[in-house]
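**Q** Sequence:
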Amino acid sequence: MQSHPEETFRMVKKEADSCTDSCYTGHLQSTLQEPIEVSSSNKDHSHDIGDIDDQSIEDSSKQLVLYDPAANRAGQIEHVPQPTQYQHPFGRYSDPNVPSRVLPSVGAFTIQCAKCFKWRLIPTKKKYEELREHILEEPFFCETARAWRPDISCDDPADITQDGSRLWAIDKPNIAQPPPGWQRLLRIRGEGSTKFADVYYQSPSGKRLRSMVEVQKYLTEHPEYMTCGVTLSQFSFQIPKPLQENYVRKRRAPNISFI
DNA sequence: GCCACCGGTGGC
DNA sequence: GCCACCGGTGGC
10 MQSHPEETFR MVKKEADSCT DSCYTGHLQS TLQEPIEVSS SNKDHSHDIG
60 DIDDQSIEDS SKQLVLYDPA ANRAGQIEHV PQPTQYQHPF GRYSDPNVPS
110 RVLPSVGAFT IQCAKCFKWR LIPTKKKYEE LREHILEEPF FCETARAWRP
160 DISCDDPADI TQDGSRLWAI DKPNIAQPPP GWQRLLRIRG EGSTKFADVY
210 YQSPSGKRLR SMVEVQKYLT EHPEYMTCGV TLSQFSFQIP KPLQENYVRK
260 RRAPNISFI
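For what it's worth, my numbering labels the leading residue of the first sequence as 10, then goes sequentially.
Rather than coming from a laboratory, the hints here were simulated on the basis of the structure. Be aware that one or more of the hints could be misleading.
[To be verified] Under the rule of at most 16 Å between Cα atoms (straight-line distance), these lysine to aspartate or glutamate pairs were calculated in the EDC-like manner: (1) LYS136 to GLU152; (2) LYS124 to GLU147; (3) LYS136 to GLU147; (4) LYS124 to ASP164; (5) LYS226 to ASP207; (6) LYS216 to GLU233; (7) LYS124 to GLU146; (8) LYS124 to ASP172; (9) LYS124 to GLU152; (10) LYS204 to GLU146.
[To be verified] Beta-carbon label-pair distances, calculated as ranges: (11) THR203 to PRO232: 18 to 28 Å; (12) THR240 to LYS204: 18 to 28 Å; (13) ASP160 to PRO232: 40 to 50 Å.
Bear in mind the structure is a predicted one, so any value in this text is a computation, not a measurement. Glycine residues also receive a C-beta, built at the ideal position from the N, C-alpha and C atoms.
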């Protein structure tokens, strides 16, 4: 895969007690992770991903975590468990009678320390987005987490590890924070989809936009945003990449027909 | 009728 | 192979 920094994030469900809203974890070489929006839209953040629509799948199979390939190479992070070890995001946890429409959602945001390579949970999506925006120029260290955990250091155990119980994904670094009042939403698709996830931006008025083309058009039609300084550079539709191989279905080879 | 979600594809 | 974009539609 690529050799430059990438982010992965995983969705974490509960378990991350410190995470009050959806969080992802991720890191880049130095680390970063991005927040991903998890679960159903209108839910508040009082629960994280976990409670997606129905009962929750308490397990962590939906956690999304970010990781850094560079660190992987260094052997700091164990490799992704075999696919078979991963549970299908839905399925096994859901009641067979419940049509499982439960999609994985981001349970936690994590970023890897650039020094000790331990994963640190980022308490909020907002914080995660702030850190991600400049992760390349300003690497994350355990000390960075002192802003919300005064005594944390590299000597403390990792907040989370890649143990195969969660879905991890690598986030992209240096994605701009959304403009004030806007939200960047990440929806994870179900396993076997043709795409891992979708990014949407939601304007302050609630309008959802799903591509740069739509953003451009919307801004043109609502010049007040541009007047306030909103620009296209504040938008990015880059999606994280799942660590689990084959989470995304490959494009099928065309059928060969013969006579 | 709306829209969240998924599939497909053109262009690179 | 990846990704940006957008059409279609099932479920509400």
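**Q** Would you list, in rising numerical order, the hints stated earlier that this structure does not obey?
**A** Structure breaks hints 5, 8, 10, 11.
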